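S.K.: Sequence:
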Amino acid sequence: MDEQILSPGDQDYVGALASGLEVLQAFDGQHPRMTLSEVAARTDMDRAKARRFLLTLHALGFVKRNGRQFELTPRVLQLGYAYQASSQYRAVIQQCLEDITAELGESSSLAVLDGDHVVYVVRSSARHRLMAITLSVGTRLPAAYTSMGRVLLAQWPQPALEAFLARVTLEAHTPASVTSVDVLRERIASAREKGYAMVDQELDSGLRSVAVPVFAGNGELLGAINISTNAARVDMTKLMEVYLPRLQTAAELVMTNTR
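Mapping of the sequence shown onto this note's numbering: position 45 corresponds to residue 45, and the numbering continues sequentially without gaps.
Read the hints as simulated data drawn from the structure, not as lab findings. If you're wondering where the values come from, they're calculated on a predicted model, not measured in any experiment.
Label-pair ranges, simulated between beta-carbon atoms: (1) 10 - 48: 19 to 27 Å; (2) 172 - 30: 19 to 27 Å; (3) 175 - 137: 26 to 34 Å; (4) 48 - 157: 40 to 48 Å; (5) 74 - 103: 31 to 39 Å; (6) 47 - 13: 18 to 26 Å.
Note that the Cβ used here is the ideal one computed from N, Cα and C, for glycine as well.
Assemble the whole structure, with the sequences as input and the hints as a guide.
M.R.: Below, the structure is given as C-alpha cells:
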C-alpha cells in the first residue's frame, strides 16, 4: 500500500499505453464483440482515437475484425499466462484448492485485490454452478460483496480502508446486500479480528462463501482463499464448523510449503 503510483499528469505516465490497455479491457463476457462506435462509447474516447488503438492492437495480433466488429484473439491469453507463470506458489495453491473440491465437492478459489474488485487467479471448480455468471480465472467481482474481498480489505491499514469506504458504491444486489458504509466497515473489522469472513447471499441469491487470508512462509500475503456453496445445500453452521476449519488447514499448508 506504500507503493508510489503515478497519476495521469506525471511526466513518466504513458497515456497511450494506458488507453490501449483500456481498449483491451473494454471487451468482456457481456461485450465479446463490438463495433468501433461501441468501443469508443465504453472507453469514453472519440472514434478517431479508439480506431487508432483498435487498428494497432489488430496489427499486434491482440484483436481481430470481422466486418465492422472487433473481438479479442487468443493472443491476449499470453498476458494472463505470464502472470500465472510468474507465481512460484501457484502449483501449491492449486493442489490445495483441488483437494478441497475433491473432499467437500465445493468450488474453491484464490483471489487478489485489483482496485476495488477481487480477481480470481487460481480456481478449482465443482460440477454444480453457483452463480448466474460463470466464475473462472480472471473473473472480477466487487470486493465489498465477497468474502475474499472483505478478508483482503481487512489486511489494509486503516487510512487506505477508509479511502476505499469513502469511494465505494454500495448497491442492493440481493435483499441481503449491505448498503451501509458503517455496516460494511463493521464486517471488515470483524474479518480483521477473527481472521475470516463469511458472506451470505449478498452478491447472488443462494450463494454463500467463507474465506481466509493466505500467506507465504515469508509472511507475504498471497491473496485470499474461499469455499463457495449453495445456501439450499449448506447452512451457516456447516459453513462455520466444517468448511472454515478446512480452509484454515489449507492456508496453513500453503504457508508450510512456501517457505
